[in-house]
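Novice: Quick note, the sequences are listed as chains A and B, same order. My numbering numbers the first residue of the first sequence as 1061 and each following residue consecutively. My numbering numbers the first residue of the second sequence as 11 and each following residue consecutively.
Example chain B residues on the side facing chain A (calculated, C-beta under 10 Å, incomplete):
(1) Leu14
(2) Glu51
(3) Gly52
(4) Phe55
(5) Gln60
(6) Cys99
(7) Gln109
(8) Phe112
(9) Gly115
In the PhoX-like style, the derived pairs of lysine-lysine whose C-alpha atoms are separated by at most 25 Å in a straight line are:
(10) A:Lys1104 / B:Lys48
(11) B:Lys48 / A:Lys1071
(12) A:Lys1104 / B:Lys79
(13) A:Lys1104 / A:Lys1075
(14) B:Lys66 / B:Lys79
(15) A:Lys1138 / A:Lys1075
(16) A:Lys1071 / A:Lys1122
(17) A:Lys1104 / B:Lys74
(18) B:Lys27 / B:Lys46
(19) B:Lys74 / B:Lys27
(20) B:Lys46 / A:Lys1071
(21) B:Lys48 / B:Lys66
(22) B:Lys66 / B:Lys37
(23) B:Lys37 / B:Lys79
(24) B:Lys70 / B:Lys48
(25) A:Lys1104 / B:Lys46
(26) A:Lys1104 / B:Lys37
(27) A:Lys1071 / A:Lys1138
(28) B:Lys61 / B:Lys37
(29) A:Lys1143 / A:Lys1075
(30) B:Lys27 / B:Lys70
These are computed hints drawn from the structure, not numbers from a lab. All values derive from a computational prediction rather than experimental measurement. Ideal Cβ placement from N, Cα and C applies to all residues, glycine included.
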Amino acid sequence: EAGVAQSPRYKIIEKRQSVAFWCNPISGHATLYWYQQILGQGPKLLIQFQNNGVVDDSQLPKDRFSAERLKGVDSTLKIQPAKLEDSAVYLCASSGPGNEQFFGPGTRLTVL
Amino acid sequence: SQELEQSPQSLIVQEGKNLTINCTSSKTLYGLYWYKQKYGEGLIFLMMLQKGGEEKSHEKITAKLDEKKQQSSLHITASQPSHAGIYLCGADPSGSARQLTFGSGTQLTVLP
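Next comes chain A alone, as it looks inside the complex (with noise of 0.2 Å):
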């Protein structure tokens, strides 16, 4: 069974910049997740996903986070303009009927 993907792996970009993140999570799995980690931190809930529909937004940064699922599979994460402190390992993972959830090897984001 395949993991969950994530792409890309690694993104350096400017400050005021746009970036994207992508997501596929393991076949089948209804609920997707994406955390944001912080260096020497734990993983803190950006958005959660039911198929296409979120269950829960409330730690994302609307003004400058996004994130969409449309066909209920894939999903992006997008920050626009970037912050120095958006620096952070951004995760995403997914869930089946179990509550067991799923990682990606996540994305290392680094604003300069």
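Using the hints provided, position chain B relative to the given structure of chain A.
Specialist: Relative to the frame of chain A, chain B by itself:
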């Protein structure tokens, strides 16, 4: 909101030694998850505990959820260099939404 405190923050042990990592919650735990993370990579699921007093083992790793369901411990017996990484505990705040709140992690180094 639920907060998870992990201790110690970092741990250096000699190969072959036993070790314990603790995770303490500010609220009752409805589900407690242990993950392992290699630097710069995604999270690997280790174990999930739901019932007070529950104990699970996988290879040389044992996790336990205390009776009052506010603390969990992860014990590694006869540590090996392959056990090195960051151990994260995650909790489901409500028991229904399948969201996870994570601790800040314990960095484990195993010296050969």
